[in-house]
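Asks: This is what each chain is made of:
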Amino acid sequence: MIRRILWASAAALAPALALPAAADEIWVTNELDDTVSVIDVATAQVKATFPTGQRPRGIAFSRDHSVLYICASDSNAVQVMDPETGQILHDLPSGADPEQFVVSPDDRLLYIANEDDAITTVVDTQTRKVVAQIDVGIEPEGMGISPDGRLQITTSETTNMAHWIDTGTHQVVANTLVDSRPRHAEFTPDGRELWVSSEVGGTVTVFDVATRAELAKIRFALPNIRPERLQPVGMKFSPDASRIFVALGPADHVAVIDTASREVIHYILVGRRVWHMALSPDGTKLFTTNGVSGDVTIIDVASLTAERSVKVGRFPWGAAARPTP
Amino acid sequence: MLKTLAGAAAVAGLPLAAAAEDLRIDLIERQVVPPPILSNMIAPPADLGLAAARLGVADIATTGRFMGDSFDLRETLVAPGDPFLPAAEARLAEGARLLVVKAPAADLLALADLPAARDAVIFNIALPDDSLRGSDCRGNLLHTTPSLAMRADALTQFALKKQWTDLVLIQGPHPEDVAFADALRRSVAKFGMSLGADKPWTFDADMRRVAAEEIPAFTQDLPDHDLLLVADERGDYGRYIAYNTWLPRPVAGSEGIMPRGWSGVVENWGAAQLQGRFREVAQREMEPVDFGAWAALAAIGEAVTRTRSADPKVLRDFMLSGDFRLAGFLGTPLSFRPWDGQMRQPVPLVTDRAVVGTAPLDGFLHEHSELDTLGQDLSDTTCTAFGDA
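Taken in order, these protein sequences are the chains called A and B. Numbering-wise (my numbering), the first sequence opens with residue 138 and increments by one. Numbering-wise (my numbering), the second sequence opens with residue 1296 and increments by one.
Chain A on its own, in the form it takes in the complex (with noise of 0.2 angstroms):
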């Protein structure tokens, strides 16, 4: 109650920056400094800062948000966090180099990329076992799920291709071409469209996913720009999923594009070489991670506007949201 009315008052003394009345955080990993910072989504402070092992970059919550997987990259290990108290519970056997990883709906398992040995690793969480070991391209790093858990999507940088695994056999049961350089998988919410993100060709490439047809390829353009620096690599869907965000690397702009119609509707300046985000637990809030100046742009979903930056560790890389306890 009291939480409610300091809030109110806040917002009327300065509604642009009206933020969610809620201890929501967003995780953050920072590469360079083997730490993850939490930001309170509700202040747009960072709370706390804990240690992690080395080089983390992918960051996800288990869907239940009881612990938080971190990808210590050269650690080669996915490290499990318990998230009231940072402490590191135990590591899971990821395979060499983890860089990005997906939870399986059922929130059992872990599709982890092993950036240096061209494997997807399939990870139980609980009985902490490999389950799977599957060859992919080499440098594979984007994960995507479909949302029914029965497709899981490796991309890999250097093979340039999207691999489509079964995930009741753990098999690869087709490999797509996509541009240069994938970095990012993301389905869409209803799980039909299947979306990649290619960061050295400058594209996002859309496919059916019954057909696995390509049905777009979206370029992307700013005036004073370079377009050789236009490299997409983080997508998220809007909540609604009627828009999705990309952020687009050096030109340290994320692109909101209209799902259906798949056009670039507007860019939004953020901070330098932005590579990730998460959206608040309710919605309204976009967090970008941006890597070379080290600090996280919050952008308002609705006005699609850069609010304010929020500075933490060096090299910030991945986001997750957790919803207040």
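Possibly wrong hints are sitting among the right ones.
Claimed, not checked - According to the in silico footprint, chain A covers these stretches of chain B (three or more CB under 8 angstroms from chain A):
1) 1368-1374
2) 1564-1576
3) 1613-1625
Claimed, not checked - Partial pick of chain B residues on the chain A-facing surface, computed with a CB cut under 10 angstroms:
4) Ala1353
5) Glu1528
6) Gly1530
7) Glu1597
8) Thr1600
9) Arg1601
10) Pro1628
11) Leu1660
12) His1661
13) Glu1665
It should be emphasised that the hints constitute simulated quantities derived from the structure, not laboratory data. Backbone N, C-alpha and C define an ideal beta-carbon position, used for all residues, glycine too.
Mind docking chain B on chain A? Use the hints.
Replies: For chain B alone, kept in the frame of chain A given last:
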């Protein structure tokens, strides 16, 4: 047509057998005895270029495995005393048409001019000579290592950006020193600066013992300057200049801040992964010639993957087209200049321990590609072998 087939097969999840290609790639190296230098501690690696070609073929073979393509790298190493051309002719007679070559310019051009090589695609992975991109260019010859002009322009952009505009130059006696010094002179003029002094290196004393006495005296008569340029491409005397100069000034060129095609200190843009893979196979740092070899293999792989063809002409045309974008771990897609066959590539400016900058530097603009602010642009090329590119 092939492209359509490949797309359809990929969609169907087939291993693309219908369009599978088996490609032969030949690495041909003329081995040379390295010239003597003052320091006898440092020898060039015996597998310079070769180690990276092996890594490159492994990289593209992985993609090929998913596409149904196979790549076979044949290695022909011609010993220093043996004739080069017959060895190369023998490979061409066997059907080799994709050639990755590390050889002196005379051998390289003789190979490119063989009738059997007319429809080949030859990659120069090692030679920086501007003439090979100019009056001595060949339509079947592509270059995956930066030219001297590109390296010089990278350094000059850096000096200009730092506003270190008072420059002096020391040039060694060897032909490659003269060529790099000439490139630096042209570049300094191109970017509107001039050299306050231009001094030949004439010593034949053993600098390992007397640098502290000789270098201050040798540099005492130079006018005050911001940056001392050194042309010493063999790595002979330049290393003794830094910290021994009369005035305390930074050194650049062949020593100090060096514009190079690649270096073991390049780590951004995913380069750390390439470096890691290379160290694992070669047990040493990746050098510019290694990067040239890796890039040549990567370019072949990318062209085969995208065109679904093994025809050298189709591959060459695609590589020289605007659709070709190669991921080369330098922050910007690599492509080829259609007027002289030079790969467009950023040039890292490095010290022994770090990347100081990567050219083209911000602010050096170009109407088509900022990468063309380095080296010979279309408007000033003297190469005519590529037609009306």
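Asks: Each hint should be assessed against the structure and marked as holding or not.
Replies: Going through the hints against the structure:
1. Under a criterion of three residues with beta carbons nearer than 8 angstroms to beta carbons of chain A, the stated coverage of the region 1368-1374 of chain B fails, only 0 such residues being counted.
2. Coverage of the region 1564-1576 of chain B by chain A holds in this model, with 4 residues showing a Cβ closer than 8 angstroms to a Cβ of that chain against a need of three.
3. Here's how the region 1613-1625 of chain B fares: 3 of its residues keep a CB closer than 8 angstroms to some CB of chain A, so the rule of at least three is met and the hint holds.
4. With 10 angstroms as the threshold, the beta carbon of Ala1353/B comes within range of chain A, its nearest partner Cβ sitting at about 9 angstroms, so the hint holds.
5. The closest approach between the C-beta of Glu1528/B and any C-beta of chain A is roughly 30 angstroms, which is over the 10 angstroms cut-off, so the hint fails.
6. Given hint, Gly1530/B at the interface with chain A, is violated; its Cβ is 32 angstroms from that chain's nearest Cβ, farther than 10 angstroms.
7. The criterion of a C-beta within 10 angstroms of any C-beta in chain A is met by Glu1597/B, whose closest approach is roughly 7 angstroms, and the hint holds.
8. For Thr1600/B, the shortest C-beta to C-beta distance to chain A is roughly 7 angstroms, which falls under 10 angstroms, so the interface hint holds.
9. The beta carbon of Arg1601/B comes within 8 angstroms of a beta carbon in chain A, closer than 10 angstroms, and the hint placing it at the interface holds.
10. With 10 angstroms as the threshold, the beta carbon of Pro1628/B comes within range of chain A, its nearest partner Cβ sitting at about 5 angstroms, so the hint holds.
11. Hint on Leu1660/B holds. Least Cβ distance to chain A is approximately 9 angstroms, under the 10 angstroms limit.
12. The beta carbon of His1661/B is positioned within 10 angstroms of a beta carbon in chain A (closest approach about 9 angstroms), and the interface hint is therefore held.
13. Interface restraint check for Glu1665/B: the shortest CB-CB distance to chain A comes to about 6 angstroms, inside 10 angstroms, so the restraint holds.
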